[in-house]
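Residues per chain are reported as follows:
2 protein chains.
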Amino acid sequence: MTEKIDGYEQDTTKFIQNAQVNGKTQDIFIDAKGLIQAIGPDIRKEFRGQAECIIDASGMVAIPGLVNTHTHAAMSLLRGYADDMHLQEWLSEKIWPLEAHLTGEDVYWGTKLACIEMIRSGTTAFNDMYFFMNDAARAVDEAGIRATFCHGFIDFDSPEKREAEMAATKDLVHHIKSLNNPRLKAAVGPHAPYTVSREGLEWCAEFSKTEDVMLHIHLSETESEVAGCMEKHHMRPAALLETCGCLSERTLAAHCCWLDDEECRLLGSRGVSVAHNPSSNMKLAVNRALPYGALKEAGVNITLGTDGCSSNNNLDMLEEMKFAALLQKFFWNSDTLLPAEEALAMATTNGAKAMGIPTGAIQIGRPADIVFIDAKHPTMIPMHNGVSNIVYSCTGGAVDTVICDGRILMADKCIPGEYEILEKAQEVATDLVARANTPK
Amino acid sequence: MTEKIDGYEQDTTKFIQNAQVNGKTQDIFIDAKGLIQAIGPDIRKEFRGQAECIIDASGMVAIPGLVNTHTHAAMSLLRGYADDMHLQEWLSEKIWPLEAHLTGEDVYWGTKLACIEMIRSGTTAFNDMYFFMNDAARAVDEAGIRATFCHGFIDFDSPEKREAEMAATKDLVHHIKSLNNPRLKAAVGPHAPYTVSREGLEWCAEFSKTEDVMLHIHLSETESEVAGCMEKHHMRPAALLETCGCLSERTLAAHCCWLDDEECRLLGSRGVSVAHNPSSNMKLAVNRALPYGALKEAGVNITLGTDGCSSNNNLDMLEEMKFAALLQKFFWNSDTLLPAEEALAMATTNGAKAMGIPTGAIQIGRPADIVFIDAKHPTMIPMHNGVSNIVYSCTGGAVDTVICDGRILMADKCIPGEYEILEKAQEVATDLVARANTPK
Numbered sequence: 265m266t267e268k269i270d271g272y273e274q275d276t277t278k279f280i281q282n283a284q285v286n287g288k289t290q291d292i293f294i295d296a297k298g299l300i301q302a303i304g305p306d307i308r309k310e311f312r313g314q315a316e317c318i319i320d321a322s323g324m325v326a327i328p329g330l331v332n333t334h335t336h337a338a339m340s341l342l343r344g345y346a347d348d349m350h351l352q353e354w355l356s357e358k359i360w361p362l363e364a365h366l367t368g369e370d371v372y373w374g375t376k377l378a379c380i381e382m383i384r385s386g387t388t389a390f391n392d393m394y395f396f397m398n399d400a401a402r403a404v405d406e407a408g409i410r411a412t413f414c415h416g417f418i419d420f421d422s423p424e425k426r427e428a429e430m431a432a433t434k435d436l437v438h439h440i441k442s443l444n445n446p447r448l449k450a451a452v453g454p455h456a457p458y459t460v461s462r463e464g465l466e467w468c469a470e471f472s473k474t475e476d477v478m479l480h481i482h483l484s485e486t487e488s489e490v491a492g493c494m495e496k497h498h499m500r501p502a503a504l505l506e507t508c509g510c511l512s513e514r515t516l517a518a519h520c521c522w523l524d525d526e527e528c529r530l531l532g533s534r535g536v537s538v539a540h541n542p543s544s545n546m547k548l549a550v551n552r553a554l555p556y557g558a559l560k561e562a563g564v565n566i567t568l569g570t571d572g573c574s575s576n577n578n579l580d581m582l583e584e585m586k587f588a589a590l591l592q593k594f595f596w597n598s599d600t601l602l603p604a605e606e607a608l609a610m611a612t613t614n615g616a617k618a619m620g621i622p623t624g625a626i627q628i629g630r631p632a633d634i635v636f637i638d639a640k641h642p643t644m645i646p647m648h649n650g651v652s653n654i655v656y657s658c659t660g661g662a663v664d665t666v667i668c669d670g671r672i673l674m675a676d677k678c679i680p681g682e683y684e685i686l687e688k689a690q691e692v693a694t695d696l697v698a699r700a701n702t703p704k
Numbered sequence: 265m266t267e268k269i270d271g272y273e274q275d276t277t278k279f280i281q282n283a284q285v286n287g288k289t290q291d292i293f294i295d296a297k298g299l300i301q302a303i304g305p306d307i308r309k310e311f312r313g314q315a316e317c318i319i320d321a322s323g324m325v326a327i328p329g330l331v332n333t334h335t336h337a338a339m340s341l342l343r344g345y346a347d348d349m350h351l352q353e354w355l356s357e358k359i360w361p362l363e364a365h366l367t368g369e370d371v372y373w374g375t376k377l378a379c380i381e382m383i384r385s386g387t388t389a390f391n392d393m394y395f396f397m398n399d400a401a402r403a404v405d406e407a408g409i410r411a412t413f414c415h416g417f418i419d420f421d422s423p424e425k426r427e428a429e430m431a432a433t434k435d436l437v438h439h440i441k442s443l444n445n446p447r448l449k450a451a452v453g454p455h456a457p458y459t460v461s462r463e464g465l466e467w468c469a470e471f472s473k474t475e476d477v478m479l480h481i482h483l484s485e486t487e488s489e490v491a492g493c494m495e496k497h498h499m500r501p502a503a504l505l506e507t508c509g510c511l512s513e514r515t516l517a518a519h520c521c522w523l524d525d526e527e528c529r530l531l532g533s534r535g536v537s538v539a540h541n542p543s544s545n546m547k548l549a550v551n552r553a554l555p556y557g558a559l560k561e562a563g564v565n566i567t568l569g570t571d572g573c574s575s576n577n578n579l580d581m582l583e584e585m586k587f588a589a590l591l592q593k594f595f596w597n598s599d600t601l602l603p604a605e606e607a608l609a610m611a612t613t614n615g616a617k618a619m620g621i622p623t624g625a626i627q628i629g630r631p632a633d634i635v636f637i638d639a640k641h642p643t644m645i646p647m648h649n650g651v652s653n654i655v656y657s658c659t660g661g662a663v664d665t666v667i668c669d670g671r672i673l674m675a676d677k678c679i680p681g682e683y684e685i686l687e688k689a690q691e692v693a694t695d696l697v698a699r700a701n702t703p704k
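Chain order of the listed sequences is A and B. Here the first sequence is numbered in this note's numbering, starting from 265 and rising by one per residue. Here the second sequence is numbered in this note's numbering, starting from 265 and rising by one per residue.
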């Protein structure tokens with residue numbers, strides 16, 4: 265049975281006409297496997313006739329599907345549950361007690377909610393770290409977007425905990441690989457240098473190498489983490505990761521606010537990717553912004569992530585690009601740092617490179633992960649500079665149509681089944697809070 | 265002839281049912297003059313029968329229409345025209361040369377575009393400073409929202425320029441008053457302490473008092489302004505304004521990044537309102553954030569503005585609330601500073617107070633300036649805390665319906681005549697750039 269969205273059939277050849285691609289009006293032909301087979305202003309004669317599905321993208325700006333390289337998707341359930349608190353109280357009194365009651369079913373529905381929000385704001389791939397990730401994978405498979413999943417590995421120097429985390433990590437990686445779904449990938453997720461033992465970090469590094477999967481880690485988000493690492497290990501966090509074998513071209517390090525110049529050069533020399541998480545860093549008052557200039561100079565692949573909804577509180581990568589470009593200018597006192605083109609690259613090309621997925625650009629031979637932004641949205645007018653409008657002016661509200669892997673996930677702002685998912689997610693979140701606040 | 269929007273008649277009594285107001289499901293009755301006559305969970309029997317128009321707001325969160333207290337609306341035409349440049353080059357090579365070619369017709373269409381964007385993102389009142397303000401007033405009258413207009417008064421110590429600016433200011437104030445339109449107000453607009461002579465500032469203060477209109481000024485946006493003022497006047501900018509009589513409860517000072525504690529106390533003691541412009545301050549790398557804590561302690565009325573589209577680049581007050589709450593936490597290194605409730609108050613109650621308009625709260629006797637946010641937008645789910653979702657999660661894209669002065673300006677995301685305005689604004693902006701770049 266062929267699925268349909270708003271009259272368009274899935275898994276068919278598609279001809280997209282009159283889209284604005286790189287500032288020019290062009291057509292795009294997508295083959296039945298979801299790959300971009302042709303792009304240009306003059307491909308209509310050759311391809312329009314053979315397409316099973318025609319999409320009119322007049323008045324739309326096409327950009328690559330956005331790539332969110334650091335989030336905890338199911339934390340969508342905690343959106344607005346606790347804000348404006350001191351970091352430690354927020355974690356110990358609010359977030360952790362609630363998370364202790366999380367079930368796989370909660371994570372499934374939280375991830376479904378997150379996927380709806382991501383599709384609606386133009387994200388087609390994300391890098392996730394959380395718990396019950398088999399359930400998260402089920403949700404992403406159904407949503408039709410891409411994700412890489414890791415189990416948040418935390419052992420706090422306990423050998424028993426470490427064994428359990430190793431087992432959970434192995435199970436997840438083997439499970440995701442067994443699905444054999446090109447949209448779903450596995451990763452190893454040592455939570456952070458301050459929550460994982462040296463032995464744990466070493467095992468994660470080795471397992472990531474053996475299985476050839478990403479290593480996703482939090483790095484130097486706060487100043488106190490760095491101080492703690494110096495005290496315990498007599499070296500800075502990035503140096504510790506280096507001695508544990510954790511730094512390679514498979515590594516994605518999130519936050520990275522407190523890296524010094526030498527650490528930036530180390531990450532560059534090892535081919536590490538970093539994720540900037542500006543909104544979260546500002547909200548949690550981490551007191552330093554990612555050293556964009558030093559990382560760029562060191563040749564580090566710099567990407568963008570929203571972090572989870574309890575510290576942002578949304579997953580809107582269009583808004584996050586603006587936060588990144590503005591925070592960098594403000595914190596480093598440079599009105600020319602991180603221009604719009606670089607912010608867009610962080611959220612597309614660089615993100616796809618970090619995740620090792622073939623998306624991130626609208627090019628022949630790549631999967632069709634394409635987002636259409638309504639050029640008639642007031643935030644996109646006038647069109648002196650499309651990239652500037654995308655980065656500095658529009659938000660997720662201007663996204664009209666989203667294609668991932670050649671399949672149409674949202675057309676004319678409509679996502680089939682959206683309301684049922686939102687209702688169920690609200691129900692699950694309410695129930696979770698009730699369970700957490702019921703005396704045992 | 266009765267106008268209609270999406271089936272709803274204007275200038276009629278309206279009964280809004282099942283809206284979420286202050287966390288409770290309530291109905292609202294609006295009389296034919298556009299005033300809120302009743303609110304409550306139990307007013308249906310008394311008022312529903314007599315309403316000429318019924319609006320179902322089930323699944324909607326109602327907030328007061330947002331108040332943008334510092335912008336240059338017609339600069340929407342310059343959106344994306346120049347970014348990522350050094351401030352002085354940006355102004356002298358790009359912005360000023362373009363502005364030199366502006367006509368009243370340009371300002372009219374730029375303001376029309378700005379109003380569309382504001383309505384779409386929930387703003388029903390704004391405080392504007394620019395040129396050709398008679399034309400701006402025409403645009404706002406047609407759009408149906410509220411604004412206060414001032415002519416940007418700049419004399420650079422030239423007596424001739426001062427005479428001309430005084431005449432322009434008088435003309436504008438008299439013109440706006442002659443319109444006798446409760447939605448349109450006039451103000452006096454000395455641009456800034458560094459662009460207006462002492463004589464100019466004194467005249468503005470006196471004229472604002474005589475005419476009983478607001479005094480709208482830029483204050484201490486950059487460090488160099490403060491240094492320049494110290495050098496020229498041997499006092500800090502707020503002290504200079506005090507000696508010129510410019511500080512009163514009619515005064516709105518924008519930016520205020522570089523105020524010291526004594527200046528904060530001075531502003532508080534004079535009843536001055538300030539506008540925080542976080543996005544603009546970040547983008548232009550002004551290197552300090554408005555001292556929110558000190559201003560709050562001094563009892564200053566703190567409001568929120570987007571600034572113009574060439575330095576933001578949008579007019580989305582929902583996004584701006586997030587920027588304000590996050591920038592304050594980050595810059596002042598306090599994760600509890602400027603909580604969500606205060607950010608919402610800045611954008612509503614405090615803004616209305618600064619502009620001297622009776623809106624800013626959904627209360628009996630006030631004009632119905634009400635914005636309905638779609639509670640089924642994914643950024644609003646789950647609803648653990650509506651105010652948190654509004655400030656930290658949703659953007660303008662979640663606004664569904666907008667009422668100003670009892671008239672429905674947008675219903676179900678539809679604004680009548682929007683596309684014609686957007687097309688014309690694009691045309692006008694393109695033409696402006698062409699004129700500016702044509703050798704004479």
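You may find that some hints are simply not true.
Identical chains share a label here; the pair holds if one copy fits it or two copies do between them.
[Unchecked claim] DSBU-like, lysine-lysine: derived pairs with alpha carbons at most 30 Å apart:
| id | residue 1 | residue 2 |
| --- | --- | --- |
| 1 | Lys-677 | Lys-640 |
| 2 | Lys-358 | Lys-288 |
| 3 | Lys-617 | Lys-560 |
| 4 | Lys-640 | Lys-358 |
Keep in mind the hints are simulated off the structure, nothing from the lab. Just so we're clear, the structure is a prediction, and the values are computed from it rather than from any experiment.
field: Numbers of unmet hints, in rising order
entry: The structure conflicts with no hint, since it agrees with every one listed earlier.
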